[in-house]
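Chains L and G, in that order, are what the protein sequence lines are. Numbering-wise, the first sequence is residues 1 to 469 according to this note's numbering. Numbering-wise, the second sequence is residues 1 to 469 according to this note's numbering.
Just so you have them, the derived chain L footprint on chain G, three or more residues with Cβ under 8 Å:
| id | segment |
| --- | --- |
| 1 | 107-114 |
| 2 | 156-164 |
| 3 | 183-196 |
| 4 | 243-252 |
Here are the simulated SDA-like cross-link-like pairs (lysine to any residue), alpha carbons at most 25 Å apart as the crow flies:
| id | chain 1 | residue 1 | chain 2 | residue 2 |
| --- | --- | --- | --- | --- |
| 5 | G | K289 | L | A292 |
| 6 | G | K289 | L | P219 |
| 7 | G | K289 | L | E293 |
No wet-lab data here; the hints were simulated from the structure. Just so you know, even glycine gets a beta-carbon here, dropped at the ideal spot from N, CA and C.
2 protein chains.
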Amino acid sequence: MDGRRGNVFGAVAALQAQFGDRVSVLPDICAAHGRDLSLHPASPPDAVVFPETTEEVARIARLCSAHHVPMIPFGAGTSLEGHVAAVRGGVSVDLSAMNRILDVGQQDLDCLVEAGVTRQQLNAYLRDTGLFFPVDPGAEATFGGMCATGASGTNAVRYGTMRENVLGLTVVLPSGEIVRTGGRARKSSAGYDLTRLFIGSEGTLGFITEIRLRLTGIPESISAGLCAFESMEGAVNAVILTIQMGLPVARIELLDEKAIQGCNLYSHLDLDEKPTLFLEFHGTEQSVKEQAERFGEIVADHGGGAFTWATREEDRNRLWTARHNAFYAGLNLRPGSKALTTDVCVPISRLAACILETKADIGDSPLIAPLVGHVGDGNFHLVFLIDPDSAEEEREAHRLNDRLVERALAMGGTCTGEHGIGLGKKDLLAKEHGSALGLMRALKKAIDPQGLMNPDKILPDNTLETATF
Amino acid sequence: MDGRRGNVFGAVAALQAQFGDRVSVLPDICAAHGRDLSLHPASPPDAVVFPETTEEVARIARLCSAHHVPMIPFGAGTSLEGHVAAVRGGVSVDLSAMNRILDVGQQDLDCLVEAGVTRQQLNAYLRDTGLFFPVDPGAEATFGGMCATGASGTNAVRYGTMRENVLGLTVVLPSGEIVRTGGRARKSSAGYDLTRLFIGSEGTLGFITEIRLRLTGIPESISAGLCAFESMEGAVNAVILTIQMGLPVARIELLDEKAIQGCNLYSHLDLDEKPTLFLEFHGTEQSVKEQAERFGEIVADHGGGAFTWATREEDRNRLWTARHNAFYAGLNLRPGSKALTTDVCVPISRLAACILETKADIGDSPLIAPLVGHVGDGNFHLVFLIDPDSAEEEREAHRLNDRLVERALAMGGTCTGEHGIGLGKKDLLAKEHGSALGLMRALKKAIDPQGLMNPDKILPDNTLETATF
Chain L
1 MDGRRGNVFG AVAALQAQFG DRVSVLPDIC AAHGRDLSLH PASPPDAVVF
51 PETTEEVARI ARLCSAHHVP MIPFGAGTSL EGHVAAVRGG VSVDLSAMNR
101 ILDVGQQDLD CLVEAGVTRQ QLNAYLRDTG LFFPVDPGAE ATFGGMCATG
151 ASGTNAVRYG TMRENVLGLT VVLPSGEIVR TGGRARKSSA GYDLTRLFIG
201 SEGTLGFITE IRLRLTGIPE SISAGLCAFE SMEGAVNAVI LTIQMGLPVA
251 RIELLDEKAI QGCNLYSHLD LDEKPTLFLE FHGTEQSVKE QAERFGEIVA
301 DHGGGAFTWA TREEDRNRLW TARHNAFYAG LNLRPGSKAL TTDVCVPISR
351 LAACILETKA DIGDSPLIAP LVGHVGDGNF HLVFLIDPDS AEEEREAHRL
401 NDRLVERALA MGGTCTGEHG IGLGKKDLLA KEHGSALGLM RALKKAIDPQ
451 GLMNPDKILP DNTLETATF
Chain G
1 MDGRRGNVFG AVAALQAQFG DRVSVLPDIC AAHGRDLSLH PASPPDAVVF
51 PETTEEVARI ARLCSAHHVP MIPFGAGTSL EGHVAAVRGG VSVDLSAMNR
101 ILDVGQQDLD CLVEAGVTRQ QLNAYLRDTG LFFPVDPGAE ATFGGMCATG
151 ASGTNAVRYG TMRENVLGLT VVLPSGEIVR TGGRARKSSA GYDLTRLFIG
201 SEGTLGFITE IRLRLTGIPE SISAGLCAFE SMEGAVNAVI LTIQMGLPVA
251 RIELLDEKAI QGCNLYSHLD LDEKPTLFLE FHGTEQSVKE QAERFGEIVA
301 DHGGGAFTWA TREEDRNRLW TARHNAFYAG LNLRPGSKAL TTDVCVPISR
351 LAACILETKA DIGDSPLIAP LVGHVGDGNF HLVFLIDPDS AEEEREAHRL
401 NDRLVERALA MGGTCTGEHG IGLGKKDLLA KEHGSALGLM RALKKAIDPQ
451 GLMNPDKILP DNTLETATF
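With the sequences and hints as input, model every part of the structure.
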């Protein structure tokens, strides 16, 4: 037995009867739906189905529930903790065909999108409205996936994460019941906060099919630029002071010398290979100028060099595209390698200690690991570049990540700032939230008593999932 | 039978054995714990207990659970929907003795407080740190209560509500289990968002005993003032445009002519009795000036008069004290009256229509109802002043509120922006979130299977609570 569950043949036959060629059992299609961008081994589902409406998702859920077959929501497959792996088989429900932008409330700064819409798609669509959606994980993820992992990204320091930017959801429960949460008012105290229960639930409580997003006005003035520092300590202390002073930077991103080297190669840039901050200021012309001046004073006090401005829109785009490609740029530093990506987030006062101790760890190890981070939130990533054939390198990367997470937890931080728990951090969740695991399990059991929604993710033991039927 | 439940005598005797004179059954004490600031009839608990630590709250919960006796968390008793009424008897757990400020993380802009700490207490304590906590419901509420109702207030338009300003909680479940949620990192994707499940849960899922709050730097420059308008329509349209333009006002509050009349009498002011906006701008000196100029342009286009500035701190305090006392000032307009307070919140584009139609309703009725509102969020309150001996006036106020809520829901709004559901809005919750009630009930049952935590609040039927033991 490989742990596969339920009457898969019955479920797939019933799906095919209802959805015809929108159900696939082709090995290539199944394989592509059983892996994400992480190191976690692929686990292909038994079938993939492509619904086009919330009502269709509800039919799929009812059918899988009736056959006791696992269901795994799938967006763009850009997750980093094995979220989409069908470790107990079952049906991958690919929501990418649900990619309609249903409504833009220009007067109310909100919009309603289906789960398969991606952030670049939405922002392109909004271009002429003067509005944008600020949350931007590096990948071209879907909004369903961004909700499911509680995504954030470079703008979160100013605009918040998905938690602060979703007004309401349409959710299909594993039973097939359709639930609408939240609303269009900017705030509400009407009953339990179901919206935020599903944000970060990683597909383990239900399918998110529609999302009402808060939008933000495109600022009147934007200026961006970068600044290299003589030392990592100087760069991080400049960030800490910026946050403590309450300077409302829109983005403040750190790349270490290794990450800059990767960007130079991959994005054809010619930057000094030193710890570097990428920044962006939003506001009126006056206030952007003032923010930049104040930041300049901080830089001067911390051994930062001259500020290189990117004022034209195309220069800014080139800068941020390079930043967003830092993951691929990292991989490119060691062709053929695969990546283990870390994701701790610590209280801002501990950021310098956390980064410096971690850099020392890497210096003592044979591995290469560029560092990039949303440092204004205290969140940073290492991208360990690993020879895919070396179990030893993988062990070493895990050992260093374990040390990193222990350090972050001791500092009052979290093992994941934005990627989620998935398959990869279940033991770490137990370390971080030991007292809360029983309650998380009770919620899971109340909503998904059969344990069919994305089994084996988030919760560290499989009590629920191994129940037999 | 009056619906009282469980072995109350056994529970009270056991509590007295453990807590001595920190348990009271005196009628006056019990009566004071069975009512809040609302019209809802008082329902005194059978006893009140005053714990001093989380561990003591856990002991109380275990003991009440063992005796199947209801438990009602109590903070300052300032709620507005009958939240603390012991409608099925039981034990009121008064957390006001848990009022220690345990830790201020000045470097990390956060602090840890016990549930009984009040917002004015905290802000007085923080005075020399350069930090403050922005969420300010009018009442001197406790942080436990503010979490339980998802409170907001005048600053929410800029700084968010309790949902955006709490990093983590210590919670005692009805079983007596102690759970810690969240952490000190500014963001996390580690497991289900339990923090926000308890924010807004109105004491129906557990006791909140400790809260880690995000703090904000006191802005370098603050300016405040007020501006009277010829028409209500002009005042509201000025607000709508301010929000749509993304002007980062820190406060933008509306008082109608009746509310201004109340303030004049109660707070000894001499304001024009016209629809008036109270504003506050936060930022650098430069940016505050710029915000005020831009707002001035909007005012001029909407029939607003001259702006009266309150630049000195004592003038600002006088202004906002008058605003915060608007509820009592309203009551004072009709001595001896009691208040029914409404709380709808609508999408900003519908605010003018919602307010104007509602004012027309009031104009057609014999009742007096000053209007005050956190209009930047689309949230406003009417304070219906009712003769306590007139059932007819109470019926009329309810009829008008029902019409108001129906109007708000039809506009995509909510029946409660910040006060919560309590006893008073259970039917309205069913109207607003019909599809989600089953799920809310499942969560309640998973966490509080005996239905002992603050029974009969939020959920519109009593299926859970009337289970017999």
